[in-house]
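Colleague: Keeping the supplied structure of chain A fixed, place chain B upon it in accordance with the hints.
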Amino acid sequence: MKSLVAALCLLLVAAPLAAETLNVKVGVLRETHSRETLSILDIPAADDTLAGALLGAADNNTTGKFTNQTFEAIDAKLEEGDDVVAALDSLFEKGALFIIADLSPERLLAASERAKPKGALLLNVSATDDRLREEDCRANVIHVAPTRSMLADGLAQYLVWKQWRRWLLIKGSHPKDELLAQALRNSAKKFGAKIVEERIYQDTGGGRRSDSGSVQTQRQMPLLTQSAPAYDALIAADESQVFGGYLPYGAWDPRPVAGSAGLMPTNWDPAHEQWGALQLQNRFIQTFRRSMNARDNAAWLAMRMVGEAATRAASNDPEKLRLYMLGNDFSIAAFKGVRLTLRPWSLQLRQPILLSDGRMVVSVSPQEGFLHQVSELDTLGVDQPETKCKLK
Amino acid sequence: MQIEVTNAPSLPRWRGRGSRFGLSFLFAKRRSLASPLPRSGGGIGRGLWVAALLATLIAPAHAYKAYVSNEKGNSITVIDTEKLEATATVKVGRRPRGIELNKDGSELYICAGDDDAIQVLDTKTLKVVGKLPSGPDPELLALSPSGDVIYVSNENDNLVTLIDVKKKEMIGDIPVGVEPEGMAVSPDGKLLVNTSETTNMAHLIDTQSKEIVANILVDGRPRFAEFKKDGSELWVSSEVGGTVAIIDPVKRELKQKISFDIPAMSKEAIQPIGISITKDGKRAFVALGPANRVAVIDAETKRIEKYLLVGQRVWHLAFTPDEKYLLTANGVSNDISVIDVASLKVVKSIPVGAFPWGVVVAPQ
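Protein chains in written order, with the numbering used here: chain A, 1 to 392; chain B, 1001 to 1364.
Here chain A stands alone, though its shape is the one from the complex (with noise of 0.2 Å):
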């Protein structure tokens, strides 16, 4: 028995469409993500992720039919205080030896430690820390979402390309929020924008919208930016949610606003409809009864990559399908307007950013006239020569 089925795995490497069915088990190990958000917006559904998860497998049993492949999504959700290696060796149980992984960057790394041994391969769908793609890189980690450092460049192009050269930067006080305000840094220092200055918005607990304390900081946020230097655009780097959403119309000088608030850099919106991208919104909210966010479709864009490199590979091997995406011959569509390929040197998939004040995408970055040698999506975020990545 061993040796037919030996037999029919060699049958399927040598040719493609081989009568086999191959199944392809994808677990989606995600976080419950904060309601505490300051527009009911961006609430997130019960299905975040696992949804355009859900889709992504959808369109690829389509494809599979001609390939007889099939592909199937592991739901595994974690709340607050569960143990992440617990949740990820009940996925290999059922086995999922592909990962689309919703998870803090913390979870992510502890995972990776664990999906070592099992040879199983993670698709990072929400985390954009840098340095999951610098120094804490990992070879069985491929990040599909985009780092700090693309969000803040693709911004960055944009507000130089209109000449709003001059930045007033406001931080919150968390961690997170730091990490986005060093990014707009050095967007600004590597496009040539400055900033005039910078000021923290403490959170000082409270301001939220389920505290009825939105009046409070609305209240604030003249006082917060009074008295500045002469500035073109206010830039927010709040990613905690505490402060940025009342910037727009709140803030002491009519300036626009842009970053966590106002002009916002993202992978995904509701309202981007350019290249096609109107039939994947139409086909998840037919299915799904809301709009896609950026995370689903991370989450659908990693199911797909899986899906394509399994139907170019034919294999449903981690391994196999890691070196075929990594190789020159990968690249995916995402409804972006390019194809979208890895960036080998730290699994990173090069992509266009968008820029959506909510309601419309404004632009999409690379902006024109921002050259690369090798790609113009390289103009986003940290580039080979710069990159700490030694993956391993």
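Estimated spans, in silico, between C-beta atoms of each pair:
1) A:Asp329 / B:Glu1211: 26 to 34 Å
2) A:Met360 / B:Arg1252: 40 to 48 Å
3) B:Lys1091 / A:Val374: 42 to 50 Å
4) B:Ala1354 / A:Asn282: 15 to 23 Å
5) A:Leu371 / B:Gln1208: 51 to 59 Å
6) A:Val374 / B:Arg1303: 20 to 28 Å
7) B:Ser1232 / A:Lys118: 44 to 52 Å
8) B:Ser1232 / A:Asp136: 54 to 62 Å
9) A:Glu93 / B:Ala1354: 54 to 62 Å
10) B:Ala1342 / A:Asp329: 32 to 40 Å
11) A:Gly205 / B:Arg1094: 47 to 55 Å
12) B:Lys1257 / A:Leu323: 17 to 25 Å
13) A:Leu323 / B:Leu1254: 21 to 29 Å
Covered by chain A, per the in silico footprint, the following chain B stretches (three or more residues, Cβ under 8 Å):
14) 1152-1161
15) 1189-1200
When the alpha-carbon atoms are kept at most 20 Å apart in a straight line, the in silico EDC-like pairs for lysine to aspartate or glutamate are as follows:
16) A:Lys65 / B:Asp1157
17) B:Lys1267 / A:Asp329
18) A:Lys189 / A:Glu368
19) B:Lys1072 / A:Glu273
20) B:Lys1267 / A:Asp383
In short, the hints are calculated from the structure, not lab data. All residues carry an ideal CB built from backbone N, CA and C; glycine is no exception.
Modeller: Only chain B this time, still in chain A's reference frame:
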């Protein structure tokens, strides 16, 4: 975009020189592709229309009518190919993309995607006179060589729908890959090709049995399919992959891929879409989308001869029946570029409606 072949010499649309095979060709159609919208900031310059009218002056052109679907203008623009100017604009359904003429050119079928309908435009009166049944979001269509059956790609439900033209009835559907788009019928009518944008395959379908007989993987986001008129080759453009796949329709296998290289232009900007191949099978034209160029290819050696600068975001192409001109629908610059096929020069730009997508030509 395949060229239709028929051996009925009296067909009204053919007014050009006789073909060396004793066949008449109706016209070269282009099928259209979903048009991505422009990113802000615009593209490369629109090109110089300097070479201008020289070619028109040299030889008298036959007067044909070209029809252009304006995706965001919700209209069809009619162009006189002798005067090279727009003569009428007709309001039609929402989001018109794929368009196709019937055999005698009396009716234009229009995929109005947002109305989930295929509208029928009377080309004499320029009035919408009816509808063909269609699945949701029809995008592209192809007419069988006999003119009896229309094959439609329905982008939203992964189906190719078959419609009886005379009875105006749906007579079947065929499940295909995700986001079916490009459609072409082989010159003998036996093989139907559909490309699926997200599955990345060309599905070869036997038109008799209505069964898929082969699935051929091509590069990312295949959008358009075109047969050589002798049926020897099938060309499929991959927008995101940036290549054109040449398929042997008899052996049902991929023969080779053509890639493009334009100096000082990023690979990502080169996105092949519309394809037109001359009746003698010697030369092919491929629209390259946001590269704002049409590639001229020696269709025998597959060598790229030239890149012609046209309007912005060029989608679909159509020859005039005498192959004197090739018309290109330029989605962002809202115009049609006219290429003089003999001299390989862009001779004119004709303003049309908003976001022109598809173009077909019929004799007047």
